[in-house]
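For the protein sequence lines, the chains are A and B, in the order given. Residue numbering for the first sequence follows full-length UniProt numbering, starting at 1 and increasing by one per position. Residue numbering for the second sequence follows full-length UniProt numbering, starting at 1 and increasing by one per position.
Hints are computed from structural coordinates only; laboratory data are not their basis. Worth double-checking, as some hints may not be accurate.
Keeping only pairs whose Cα atoms sit at most 20 Å apart, straight-line, the calculated SDA-like set for lysine to any residue is [said to hold, decoys possible]:
#, chain 1, residue 1, chain 2, residue 2
1, A, Lys215, A, Gly160
2, A, Lys394, B, Gln214
3, A, Lys394, B, Ile208
4, A, Lys331, A, Asp278
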Amino acid sequence: MPTSKRAPESVLMSDPDIILSLAGIAKSFGEKAALGHVDLDVRRGEVHVICGENGAGKSTLMNILAGIHQPNAGSIVLNGKTVTIADPIAASRLGIGMVHQHFTLVPSMTVAENLFLGRQPRRLGIFSDRRQMADRARELIARYNFHLDPEAPVRTLSVGQRQRVEILKALAFDADLLILDEPTAVLTPPEVDELIGVVDGLRARGRTILFITHKLREVKAVSDRVTVIRRGRSISTRNTADVTEADIGRDMVGREVFLVGRKGSAQRSFGAPVLTLDNVSMTNHSGRRLLERISLEVRAGEVLGIAGVDGNGQTELAEAIAGLMPVQAGKIRFGDRDLTDADLRERQQAGLGFVPEDRLDRGLSVTMSVAENVAATNYKRAGLLSGGLIDRHKLDSFAGDKIREFDVRGAQPSTQAGWLSGGNMQKLVIARELERDPSLLLICQPTRGLDIGASEFVHARILQAADRGRAVLLISSELSEIFALSDRIGVMYSGRMMRILDRAEADEETVGYLMNGGSKEAA
Amino acid sequence: MAPALSNFLRVIRAPLAAILLTLALGFLLVASITDEPVRAYRDLLLANFDSLGNFALFLNRATPLTLIALGVVFSFRAGVFNVGGEGQLYAGAVTTTVVAIAGASLPALVLMPLAIIAGFLAGAVVGWIPGVLKVRLAVDEVVTTLMLNIIILLITSWLANQVIRDTTAYGAVSWMVPNSIWLPPLPFVPRATSGFLVAAVLAVVSWIVLFRTQWGAEVRAAGTNLRFAEATGVPAARRVISAMVIAGGLAGLAGALYVLGVGHRFEQNFSPSYGLVGLTCALLARVHPIGSLATALFYAAMLNGAAYMQISTDVPRSLVNLLTGLLVLLMTARLRRAAQAA
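Looking at chain B on its own, in the form it has when it is part of the complex (with noise of 0.2 Å):
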């Protein structure tokens, strides 16, 4: 346990590094704004501790953030620069929805299930379409998966405003998906989802998959030098393709359990660019399963804690855009180990 330990500190240092860093560089900001940087700090930071509400918005946050950030990791492993979560986090979320709506009579035990492998079944098409353009046409993955997330989004709106609306309801909203399916909470948070269980445990799921069999030694092999693993007998192709599959049913994974644990209908715009979000945290969790888990909870924390800092103080919300902005900076220019230790 005890190598195991340290690889885990060895792993997360330089992020740590990075984030408090950021912190402190964003708290001399917050000083120059108000007059109690303490206070909006502290808001910042701890008020999603403050109340068992709090806390249950501020899992809800977490859980759409750690599942696409899961599959970014996945598809980056592959070697694929997957960007395209917040489509395919849309099309899960609608598609769990339309289920949900068109299968109302079905009893619970069979529409739970099936709304939400078809929010993940609606993620993995749109991973594997822009996995297969890459491999077999070597069509640019980037601009794909951009393209898709415009395309699903507008799909989604056009399904939205016009199929499945609630008629009774103001803005582009769905119809509520019937409440026998909706996700029970978490036990003793009384109002968040225990879609963050799933997440949690995804998180390690992904880890002993990417790192532990040879199916991931394989994909990892084919993202780290394509080549090579032809050259070894892996079938590289059909590796990467399934790691977008399962990128792409991650991200529809989160859209699914959203609808079922969190909004109960589809909104269109329920998602403040969780996918670029998601994808933000893959990356400053250098692509690690259980690091996006980490990274995905502080977000989610600063994300919520930026709302309440701005109800308590002047300090606005957008601090937050700032504070990110300087993460990603510090941490792609992260400082050499030789000159934090001098």
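Just chain A, with the same shape it has in the complex (with noise of 0.2 Å):
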């Protein structure tokens, strides 16, 4: 069954098997439409995925769910019966889990005082029992084989650990169905794998799962069924198993949508080296070492993707590229220039576009306007500047063109940058390093948090710097996207690079196991 059509009420009404039931929910904020139509039927015991590209609806349906929003129009029908949602504890009382994007923990109060938060055991009715708390946590702990310390503070854990205490959060409600906000947002690719598997416990103990993601890679992993949302309808409802990425994807963006990159068979010739690092060492303040002898060459027409777990220095790495952190030991040459102790202002003179990994940190200005922040590096060589004074005109108009040549939505150049969504202030930051037509693209997870259609146009403009003869470091913790775009693969763990591979020799499981610091065979 490819398509599951909405059946009607009252034959849903009977049917044991459907735990929720959505038909015909709209809802407005103001003049702005959230829904328009979303009709769901999720199974008893089944993972359900709802896909969509950011914008399309699904953060406001499942804050219906949670009685955080009221629908305007449409029925809620939960285990046979209308219900209508009036606020969270109306839905915890339901059996409805939320699990937010957004951590709700105390990091200083253990694990076990996180979980029963507001709702501790008590002793003669004022005193916490501390004791049955901890015992009631091992327990549920136990149950799900979740392998955290009840007695740690929250702060000592990993970000994929504080998840699993907010999914035993919900679960400690007795949440029949739980709902998981774009769990994966804040992991790493390890950690993903890790909450498939719990996922994967917590259907085999019958429990409920709505799963919310935009990443494809994730919902054939996870899920039994996918739903997709585009621009608040439910376009399609299908089993995984038959269908393919690019269905999904297609029915996301509405239209055909390119997800391979570069073909790592076709051969393709690069010219000289335009940045080389030869054993470059940083060191912080404390001593500690954050890069250790790291050594390579980006040449012109390549793309060289360096994969890593978050953390591993490759922040450290860009920094030092960039000239924004100093390095102990080792040349940082731009061509045939030593360029270890310039600045950023020189290196860009020498052709460097940086896009930063974190666009609300070093990308943008989020109070500055459109305008001046993509002015930003490009007054002089865009010709903004008449008689010393910044002219107004010309500001705009180039602001205007690269609103518009980068697809730049609901940005004037006098809005302020902080008024767009994150795909949009992505593509603003990419609209003014790519304006100088840098010779060389360095790139930090250029699409993170970015929905398929604008991950798309920024992989395409990647591909398209490369094909003019740019070099390209591409710096990402997505492994598909560096498998997608690079010629060849650098893995780094804990601030040293394991291994540059051609992308022929390169397999998800030889990256993922030098990921996790496997010895460097054969190198």
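Put the complex together from the two separate chains, hints included.
So, in structure tokens, the structure goes:
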């Protein structure tokens, strides 16, 4: 059954397999319609993925189920009964548990305290019974096989572990239906695999899970069925086994999408090295080694992808190449020029384009206008000055050109950059850096938090730059991105470059092994 | 011109609404104190324009406020919460006085610019210190600027009492500066300082520098997101420091022009907290240079008007402090536009 059409309500109510059924859900905020018409059937005990681009209405839909918003139209049938979910407390009473994308844990409290926050077991009605709390926490952890220490303060846990605490918190309320809102957005690839294991375990114990994501790889890995939402409407519901990633992608975007980047097999030729790092080492103030004798070369026309779990020195590598953090040993050369001690502006003049990993941190000033953000590195080059003053007309038309060329939606030159969505902010940063047609493009986490449409656009731009003979150094913790775009793949672990592989010899297994610190076999 | 005008109206609409609301609430208060609320309010707002003399005093009051507010605009736009206007003002005033007294034998054409530049530089140095400390050592600028205020005030007090004190006069005042270097009065307003023209021109210049030059864009980039500024190749630390130098310099200039144009000597208590009031003016103008000129004029009118009000009615001049508090409250708790429209 490739497509399951919504059956009439009367049939649903008598179908014990359906735990939740939504019909014709609509919601608008003021003039703006967030949801137009959503139908959804969730079967008892399945993992059901809700898939859609950013802004498609996934979060609004989940917030309706969690009792945060009320729908303007449509009905919600839970366990055969039509219900109204007035508020989050009502939702949890009905057995709906929600795990938000941003955690709601108290870092200084233990796992057990967080689990029972606000509903601690009491002795004599006033004193909290810590022993009973710890026992119940331990029992809960054991039941779901979560490998957590109930006495550990939450601040000592990794992001993946914190997420499991959040999930347990929902389960402690006896939630039959667990909603995970973009649970993988904050996780590293190995943690994503662990989470998928956790979800499988919950399914085996009979829980029903609604899993929100816009990452196609996860849809295939985790779900039984998938419902695609586009522009506030449910487009399709299918068995995951029957569809390909491309099918889902097409439903999400509403047209064919390009998911494969450069084919590894195609023979390509590269020019002279544009960037050379020779045994570069970096130490922080307290003497800890951040980069350990990194050597690499990026040639003209080539994309060198740097893979690795976040926090293994990729950020520092980018800052070293950009000249934002000093290196203690080694040489950094642009072409033949030694720029080891040069500042960022000199490196820009030598041909560097730099897209930092976090657009809100280094990429943009969210309180300045779109025009000022996109012009920041380009005032002189793009001829925006006349007589020493900024020419407003030129600035506005320059920004307007970039907005059109890079399809930055919802932007006027005078719009505050912070009002744009994440994907459009990222386009703005890339527009600014590509404007100079840099001979070396250093681009970090280019599609983090972006939906398919925007990712596809960014990927096309990266490949375009390489095809024009520019050197591209791509740093990403998204393996699929590294594999899709790179001509060679370097893997970082603990501040070291484990190996740099040719695309042909790199497979997920080898790279994954190196990412976890596997030995440099055959190196 | 039309878009510029509508843009200007958009900028001043919120402060204007807050000011009108403050005056309305203040009127209720005045009505409960005095039998002549209308008279009191007329004096508060309009007595400044009763005579050319009053008008001159009003402009003299607005001059230092404008310059200090402009300095605050520069520092705030660079992301530095500079509350050191008072210290920078005093440093400028006392330095100008010392230079003017020490160089009394120099020709006026040399001494006048020398004294003014010395005042500017003294303020600039006082601004530079917290700027460098913040950028290089991450020392909180609120602490350093506040502490510098006290240090500078005590140093000037020592100078005024021990070194340049006019021994023939009562109180902590210096010798007069040579009258050859007194600023000429404004044309048509005999007792008003021409320093006001300087302040008004500098308000426009500040706007151009901050909003129409690449340097200004870089300062604002550093002020809104230092790490972004660095990543776009802006020497962010240098921009922050130079903005603080200008901020201090403008406050120092306020002191210099006060001495040469109004006081003609250094008086230890010449400032009724100009530093803090200037800061308030800048904040009310939402850190906008032209807006700061407007709010400084408004404040000057209120400060002087309160004195006239106290003379003619039984409303105490401290009403102004109360109105100031109300105004700040209303500006920070700005009513939502939607609520206004409804």
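Structure-based check of each hint:
1. A:Lys215 with A:Gly160: 18 Å, holds
2. A:Lys394 with B:Gln214: 14 Å, holds
3. A:Lys394 with B:Ile208: 17 Å, holds
4. A:Lys331 with A:Asp278: Since the Cα atoms of A:Lys331 and A:Asp278 sit roughly 5 Å apart, the hinted pair holds (cutoff 20 Å).
No hint from the list above goes unmet by this structure.
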